[in-house]
Amino acid sequence: MEKKTAPLIEIKGLHKSYFNDELETPVLFDINLKIEKGEFVAIRGPSGSGKSTLMHILGFLDHHTSGSYLFEGQPVSRMDEDSLAKIRAQRVSFVFQAFNLLPRTSVLQNVQLPLLYHPTIAPSERRERAEKAIAAVGLTDRMYNLSNQLSGGQKQRVAIARALITEPDVIFADEPTGNLDSVSGAHVMEALEKLHTDGHTVILVTHDQRTADHARRTIEIYDGRIKSDTPNVKRPPL
Amino acid sequence: MRNRDLLTLATRGLTANVSRSLLTMLGIIIGVGAVVLMTGIGKSMEGVILGQISALGPRTLALWPGKQGPEGGSASLRSDFDALTFADIEAIRSLDTVTSVAPMILMTGRAIYGREQMEPSTVGATPEFYSNQKIEIDVGRLHDETDERTARKVAVIGSDVAAELFWNSNPVGERIQLGEEKFTVIGVVKPIGTQFFQNVDERIIVPNSTARAVTRRTYLDMVTMQAADDVSVDLAKKDVESLLRARHGIIAPLTGDPTENDDFLMRTAQQAQDTLGAVSLGLTLFITTVAGISLVVGGIGIMNIMLVAVTERTQEIGLRKALGARRRDILAQFLAESAFLTFTGGLIGIASGLVLMVIVARVAGEFLADYRFAWSISSIVLAVSMAIGTGLLFGIYPARKAADLSPIEAMRYE
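Line by line, the protein sequences are chains A and B. Residue 0 is where the first sequence starts when you use numbering that gives the first Met the number 0, and the numbers rise one by one after that. Residue 0 is where the second sequence starts when you use numbering that gives the first Met the number 0, and the numbers rise one by one after that.
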């Protein structure tokens, strides 16, 4: 019962420093944060504010230095590498600014990549799931194209399809429109909105106010500290 | 990650850059090819040796005059070259433990017929020689006791002698010049091929008594004999040895090698086989070691290229980890790639080794009649497992380097 009532993400007094030859560079200070299942949150801040580092910690890609991070009530600092890999495989997925697709590899294979590491989805299901995810981002006619034959907007939609395929609880998007023109960017944001309305938790990291406005809640980070945490009122109509 | 996925990843890694993969595999290809080729040749040579030994028969004993070398070999055969006399032969014949005693005198000199001439190896031997060496007649007849008793100037010639001197005509009844004397050809023997690396089809056999008369020799160059049916080969050997020691006034030392003071050397077919086998095994081991070193060098090449692959694909490794790959998934992927690389190299190596072996068998078959294409499965299995072993061994370091990267650092790598 206790598990169900715990928030999806709960952070208390989280602190993060990078160490380079024992030289400490603090990045995040005393972060306190709760994110419930199904939220659409934007983490906004200028470059160097620590917003990406926060997302990497939230997304199990990086470790925090002190403080606590509870995922569904479980302390992340006590999880070993394999458990973290399992969470990355099943519970979360990422959309990166640089797309991070495998070069010289077809759209179909790029989208299927996370399933290689998924412990429960059978190989026989892969193809069907991939086709569904590709259809969801409207790229069915590009399925057999190699990733380097696509435009930037198409690449990011492939990345979204790849994030969708495991049906994760949380989708992290790090500056997903950062490398795109405004039309492609709008398509990508539309796709993320749809993920949210379908019930996924979406955590968006951006420096851009207009992109952040798509979310239902904006957390502003400045110099490694939370400056504000407000619900969005002036959300543009869908 | 599932095993089938691993195989797909490994083949994709290999085929992504075919020319680089081939160059990387070259060391392994050469190493495995050399191991397969050398052990194959060793095995073929073993066959040649066994074939030559079996031509003599397992119960054959050979006796040479001369002192043994310090290591028990026949290095100083030249001293006491005249130690074996005709009286010794008569004494050996009186033993019950040996039969078919065949004394031999080797003669030198050209064989001439008309305008044709050649340099045969001529041996003056008694008729027992034919049965000891399993020589069979093709045309005409072998010489017999009567020819021996009367020291007739008759010759039995090998098939190559017949071909060189007489072309296609029938040599039986023709007279050939052998050294200073004329001999009548009475028979041609069936082709035999090579024995102890000597083409015995280039041999001329004359009666022992005739050779003795012509050369005025008082000693013999070699004697072959058979152990009697009811005794062991070793017993027969000991019997002849003690007889000769008694006749030559030799006292065998009480300790150490009993043959140390002998002025003769006796060998059984088994001993000859063991000696030749040991030499051939030693050679095979030596060359296989050299080939094995090239496998190690090839393995280092694999390690190099896998290190490059890890560096090149650092971002990909980071991405895979972000998508849920565990440390062991990354480790397995890179190990599978290097194992697959070496395995493929090993297969190509086996194929090229076998092709070379067929070629060697063709060429060697020209002058070694008993040389047959032979290959040893165990050496192929050994070579391939060594190749995969080096692939895994030298792949571990790059694979661990890849697996230990933190996902976010790897993705940021430029």
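Wrong hints could be hidden among the right ones.
Partial list, computed: chain A residues near chain B (C-beta under 7 Å) [what the hints assert, rightly or not]: (1) Leu60; (2) Pro74; (3) Arg77; (4) Asp79; (5) Asp81; (6) Leu107; (7) Gln108; (8) Leu115; (9) Ala135; (10) Gly137; (11) Thr139; (12) Tyr143; (13) Tyr221; (14) Asp222.
Per label pair, the in silico range of CB-to-CB distance [as the list claims (entries may be wrong)]: (15) B:Leu21 to A:Lys226: 55 to 61 Å; (16) B:Gly388 to A:Asp79: 27 to 33 Å; (17) B:Ile376 to A:Thr139: 41 to 47 Å; (18) A:Gln148 to B:Leu21: 41 to 47 Å.
Hints are computed from structural coordinates only; laboratory data are not their basis. Beta carbons are placed, not taken as given, at the ideal position from N, Cα and C, and that holds for glycine.
Let me make sure I understand: some of the numbered hints might not hold for this structure. Which ones are they, in numerical order? 2, 3, 4, 6, 7, 9, 10, 11, 12, 13, 14, 17, 18
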